[in-house]
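Given the sequences, and given the hints that come with them, work out the whole structure.
Protein sequences appear in the order of chains A and B. Counted from 1, the first sequence has number 94 at position 92 by our numbering; the numbering is strictly sequential. Counted from 1, the second sequence has number 164 at position 162 by our numbering; the numbering is strictly sequential.
It is possible that part of the hints are untrue.
One copy or two, it doesn't matter: identical chains are merged, so the pair holds either way.
Below, computed lysine-lysine pairings styled on DSSO-like, alpha-carbon distance capped at 27 Å [to be verified]:
hint, residue 1, residue 2
1, K64, K49
2, K146, K183
3, K83, K183
4, K146, K64
5, K24, K146
6, K4, K83
It should be emphasised that the hints constitute simulated quantities derived from the structure, not laboratory data. The model shown is predicted, which means the values in this text are computed figures rather than measured ones.
There are 2 protein chains.
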Amino acid sequence: MKKAVVLLSGGIDSATAAAMAKHTGYALYALTIDYNQRHRAELAAAKRVAQFLAVEQHIEQKLDLRAFGGSALTSDIAVPKDRTGAAMAIGIPITYVPARNTIFLSLALGWAEVLGGADIIIGVNALDYSGYPDCRPDFIAAFKAMAMQATKAGVEGTWALNIQTPLIALTKAEIIATGTKLGVDYSMTVSCYDPTPDGTACGHCDSCMLRRKGFNEAGVPDPTIYV
Amino acid sequence: MKKAVVLLSGGIDSATAAAMAKHTGYALYALTIDYNQRHRAELAAAKRVAQFLAVEQHIEQKLDLRAFGGSALTSDIAVPKDRTGAAMAIGIPITYVPARNTIFLSLALGWAEVLGGADIIIGVNALDYSGYPDCRPDFIAAFKAMAMQATKAGVEGTWALNIQTPLIALTKAEIIATGTKLGVDYSMTVSCYDPTPDGTACGHCDSCMLRRKGFNEAGVPDPTIYV
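Written out as structure tokens, the structure is:
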């Protein structure tokens, strides 16, 4: 069985990407990063998803990105709410965490090499997303080129790293429809950037709004409890 | 004053690169990674060097690369000793830590963007080194290209990341001579991959051997206490 390191955040996208990978026959090695994020409720969600998918191994890496700050998700900057239309069009929002996917993919890269040249699966998508630069195909391609210069197996020519982005061209509704067909129970997942202390979703951050819209357009009941 | 994030391991190379950067007028932001490495003595060395150089800020990030393993520095694999000549020529040794510099540079990248587009300084060198792929100019160039796709400031065109590798073409002796001229006290630094529990250098790993040879060729007294 081909191995894959899958970045598992606890949200809809990574749960779906992991379920798709499992469906195609991968042995899954799940990697979750506790980066001292505001929405720590997603860490418990990632554990639930990893268990549901019966992954071979699940590593939760602790890494304090709050020490750097610079994002609404890693500092006391307020999470923007109820952004629509013009507000969404102004560019990359303050929830962007500098170099987050670069850091996460780098960790996945290290583990993938140790596992003997595993594939990497990341649930980025560039349609119903927050405009983050590190969710785009150009970034993924540049990361792969870098990885082949960075690693022993890459420079020795024994590894052509395969970074799979199965959701990159799907809408949130298509993602939810795909996961639902594969039996993913989205009540396990958490999307909210700014949940209450008990983990209840705010319903108004970009991530909640994309989630609600996705369920609505997919015609799938939204299992989320909002404030 | 231009800001620079400098990766500070506690060894000769990063101490010298940081001292060179300070000498040219940078405000230094030192980043050290506690990756649960075998040679944890280098973490205290990094603190000494950061204090000596009066850096603006020193962040020590904890990250458990031992959870991935795959290297003599992050698992119970023995550190090779007394390698010379033919043994050194067989390629990338088992002390290689998969994706280590990719991970470290990714963290530096995140902090550099938060700091408003700081330069990054890394003391890699590709002459008197252990053959690691992520110490080569090709890797650094690929990382930079990736970083410009990864970051908000990169894709918005407001940041042309400058990754400085001031030691890349220097021998260990030249590095030591340069640092000595700048007043670096190398007794602060630690190179050994396999020190005793009290931090005394083994004298026989690749890193000790390169260090000894460097001091010898530079004609600078080696302040290291070996077993």
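Sort out which numbered hints this structure fails and list those numbers smallest first. 2, 3, 6
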